[in-house]
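S.K.: Protein sequence lines correspond, in order, to chains V and L.
Okay, so the first sequence: first residue is 253 according to our numbering, each after it adds one.
Okay, so the second sequence: first residue is 300 according to our numbering, each after it adds one.
Possibly wrong hints are sitting among the right ones.
[To be verified] Coverage of chain V stretches by chain L, computed from C-beta distances (three or more under 8 Å per stretch; other residues unrestricted):
#1 285–291
#2 479–486
[Stated by the list, open to error] One-sided excerpt, in silico: chain L residues whose CB lies under 8 Å from chain V:
#3 327
#4 330
#5 334
#6 352
#7 356
#8 425
#9 430
#10 431
#11 530
#12 532
#13 533
#14 536
#15 582
#16 585
[Claimed, not checked] Some chain L residues near chain V, calculated using beta-carbon distances under 7 Å:
#17 337
#18 341
#19 349
#20 363
#21 374
#22 386
#23 428
#24 432
#25 528
#26 542
Since the hints were derived computationally from the structure, they do not count as laboratory data.
A quick note: this is a predicted structure, and the numbers were derived from the prediction, not measured.
Built from N, CA and C at the ideal position, the CB exists for glycine as well.
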Amino acid sequence: MNMVSEPNVEAEAAPALVVNNVSHRFGETLALDDVSLQVPRGAFVVLLGLNGAGKSTLFALITRLYDNVTGEIRILGHDVRRRASAALQRLGVVFQGRTLDLDLSLKQNLLYHCSLHGIRGREARARTKQALEFVGLADRANEKVRNLSGGQARRVEIARSLLHRPTLLLLDEPTVGLDIDSRESVLEIVRSLVAAEGLGVLWATHLFDEVQPTDHLVILHKGRILFTGAVPEFLDKTGTKTVSDAFRAITGTTDMEFAA
Amino acid sequence: MSVGSATEANGSLQRAGQEPGSSWGTAPPPLGGRAYFTCFSGIVWREVLRYLHQRERFLSALVRPLVWLFIFAAGFRQTLGVSIIPPYQTYVLYEVFITPGLIGMIQLFNAMQSSLSMVYDRETGAMRTLLVSPFPRSFLLLSKLVGGVAVSLLQVYAFLLVAYFWEIEPPLYGYLTVLPALILSGLMLGSMALFMSSVIRQLENFAGVMNFVIFPMFFASSALYPLWRVKESSVLLYQICQFNPFTHAVELVRFALYGQVDWTSLAVVVAFTTVFLGGAIYAYNPSKGLIARRGGPGGS
């Protein structure tokens with residue numbers, strides 16, 4: 253696609269994602285209670301919370317499945333409610349569930365996604381090829397997704413989320429159900445993007461061992477943010493040595509709840 | 300995949316930024332008319348591709364109406380005489396009479412199936428991939444709807460082709476004049492199903508849909524018997540049939556197949572399409588819609 257070369261007018265200072273004072277309620281249940289967080293560009297932010305902490309609700313709001321009623325959500329300075337189109341153009345998402353068409357080929361799946369962003373023709377084919385090369389699946393472009401393993405399908409979904417070159421990438425429990433090798437490769441791919449392209453990543457998980465010391469941490473528990481900051485700070489604050497101990501300390505959860 | 304290859308391969312992504320404006324970190328271009336068209340055709344193309352890849356769905360969509368035509372209609376031929384009613388100019392075989400009804404059935408089934416697939420999509424998240432596209436949501440839903448109609452057109456013409464060899468021979472121009480009618484009736488049934496997919500959660504169960512939607516709509520209509528016959532046996536049923544939008548879809552198609560327009564049916568079909576489509580767009584609206592109220596696709 254021949255895009256008009258325009259100067260990057262987006263404020264350099266605007267973080268990839270800003271969530272300010274967002275609460276959300278379903279009937280009686282308060283799913284999110286005054287949630288605020290930031291994802292700077294070039295940062296890998298881990299959103300850590302148990303199942304049911306409100307991670308999915310937060311993702312639904314950021315992806316504008318439904319609107320936030322209170323507070324504001326901005327992607328690169330664009331308000332998700334008021335400037336939905338501009339915000340969504342800069343957002344890549346890897347959903348928790350499988351979202352590829354199993355009977356279509358990898359290439360067809362990716363080209364479909366290109367069209368959802370208005371990217372067509374040679375440009376779409378070039379981006380599809382590059383994205384598949386990037387996740388190491390270029391040689392299987394014409395195979396059906398059905399033939400892929402869980403880890404490979406995940407990599408295709410990451411490739412897909414990058415086709416429109418987003419500045420913010422959201423991943424909702426992307427490693428659930430993957431074996432150890434696949435998990436590592438998925439993590440490695442995403443981390444390399446953060447380093448090379450300056451992508452802001454919000455990585456939601458309940459798996460503590462996915463956290464690295466250099467990551468930013470956001471702890472979400474029962475709809476409330478209990479901590480945001482660097483990992484060493486988190487350990488200092490709680491006086492613990494591991495992220496999982498710190499998490500137990502700050503949330504007061506028992507091992508029983510972990511097992512659940 | 301090794302760590303090294305991820306980092307290495309990463310270089311190729313950066314090289315991809317050779318065209319001006321397409322590199323990472325620059326503002327994406329505004330979405331113009333061509334981008335809309337790209338999105339629209341992409342969504343329609345996906346629906347058609349998915350359909351063509353599901354052979355069972357392709358076959359069952361063809362076999363279902365053919366069973367009615369070959370067996371049911373043959374059995375009823377002697378029992379039910381059809382007098383000369385417009386648009387027919389002579390006595391017609393019962394098979395000929397129920398062909399528009401069976402076309403309606405094809406479109407009804409297709410609409411319900413695509414609406415079911417949307418419920419399924421909602422659970423797996425394919426619907427969410429669609430909804431995070433930067434285009435307006437009403438435009439996305441409409442494109443999806445047209446994709447479903449395109450699939451139903453394939454099914455209907457395949458059926459008409461087979462039926463031709465069973466002496467269902469409308470005038471040749473009828474195959475052309477029926478097209479706009481098919482698009483309209485497809486849109487009506489599709490938007491109805493789209494609306495239902497957003498409102499009714501129990502749609503997961505196809506048997507339920509058969510019992511509560513497809514069968515009543517199909518049988519209480521002019522698909523299988525002319526309405527004057529229905530009136531003879533029950534005035535109430537006759538009135539129900541007349542209020543059934545499916546009746547009007549069938550009549551619209553029946554007349555169009557002979558190059559004629561049934562204006563009443565046309566008006567009814569257009570009106571119902573508008574209402575259902577408006578409802579569906581409302582239901583999927585991120586701030587007002589029903590999805591927001593009850594906690595999103597797949598529930599909270």
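S.K.: Work down the list of hints and note, for each, if the structure agrees.
M.R.: How the hints compare with the structure:
A count of 0 residues in the region 285–291 of chain V with a Cβ less than 8 Å from any Cβ of chain L is obtained; the coverage claim is therefore unmet, three being the minimum. Proximity of the region 479–486 of chain V to chain L, defined as three or more residues with a beta carbon under 8 Å from a beta carbon of that chain, is not established by the 0 residues found. The restraint placing residue 327 of chain L at the interface with chain V holds, with a minimum CB-CB distance near 4 Å, inside the 8 Å limit. Hint status for residue 330 of chain L: holds, given a least beta-carbon distance of 5 Å to chain V, under 8 Å.
Proximity of residue 334 of chain L to chain V holds as hinted, the smallest CB-CB distance being about 3 Å (cut-off 8 Å). Residue-level restraint check for residue 352 of chain L holds (minimum Cβ-Cβ distance to chain V is 4 Å; threshold 8 Å). Given hint, residue 356 of chain L at the interface with chain V, is violated; its Cβ is 10 Å from that chain's nearest Cβ, farther than 8 Å. A distance limit of 8 Å between C-beta atoms decides the matter here; for residue 425 of chain L the minimum to chain V is near 5 Å, and the interface restraint holds.
Hint on residue 430 of chain L holds. Least Cβ distance to chain V is approximately 6 Å, under the 8 Å limit. Satisfaction of the interface hint for residue 431 of chain L is found here, the shortest Cβ-Cβ separation to chain V being roughly 5 Å, below the 8 Å cut-off. The beta carbon of residue 530 of chain L comes no nearer than 47 Å to any beta carbon in chain V, farther than 8 Å, and the hint placing it at the interface is violated. At a threshold of 8 Å, the smallest CB-CB gap from residue 532 of chain L to chain V is about 47 Å, leaving the interface hint violated.
Proximity of residue 533 of chain L to chain V is violated relative to the hint, the smallest CB-CB distance being about 44 Å (cut-off 8 Å). A hinted interface residue such as residue 536 of chain L counts as satisfied when its beta carbon comes closer than 8 Å to some beta carbon of chain V; here the least separation is about 41 Å, so the hint is violated. Proximity of residue 582 of chain L to chain V is violated relative to the hint, the smallest CB-CB distance being about 11 Å (cut-off 8 Å). At a threshold of 8 Å, the smallest CB-CB gap from residue 585 of chain L to chain V is about 5 Å, leaving the interface hint in force.
Look at residue 337 of chain L: its Cβ gets to within about 4 Å of chain V, closer than 7 Å, so that hint holds up. Interface restraint check: residue 341 of chain L against chain V, minimum CB-CB distance 2 Å, threshold 7 Å, status holds. Hint status for residue 349 of chain L: holds, given a least beta-carbon distance of 6 Å to chain V, under 7 Å. Taken as an interface hint, residue 363 of chain L does not check out: its beta carbon lies about 21 Å from the nearest beta carbon of chain V, beyond 7 Å.
For residue 374 of chain L, the suggested interface contact is broken, since its CB lies about 37 Å from the closest CB of chain V, more than 7 Å. Taking 7 Å as the C-beta cut-off, the interface hint given for residue 386 of chain L is violated, the closest approach to chain V being about 40 Å. Given the 7 Å rule on beta carbons, the hint for residue 428 of chain L holds: about 5 Å separates it from the nearest Cβ of chain V. A distance limit of 7 Å between C-beta atoms decides the matter here; for residue 432 of chain L the minimum to chain V is near 4 Å, and the interface restraint holds.
For residue 528 of chain L, the suggested interface contact is broken, since its CB lies about 44 Å from the closest CB of chain V, more than 7 Å. A least Cβ separation of about 34 Å between residue 542 of chain L and chain V goes past the 7 Å threshold, and the interface hint is therefore violated.
In this structure, the hints that do not hold are numbers 1, 2, 7, 11, 12, 13, 14, 15, 20, 21, 22, 25 and 26, in rising order.
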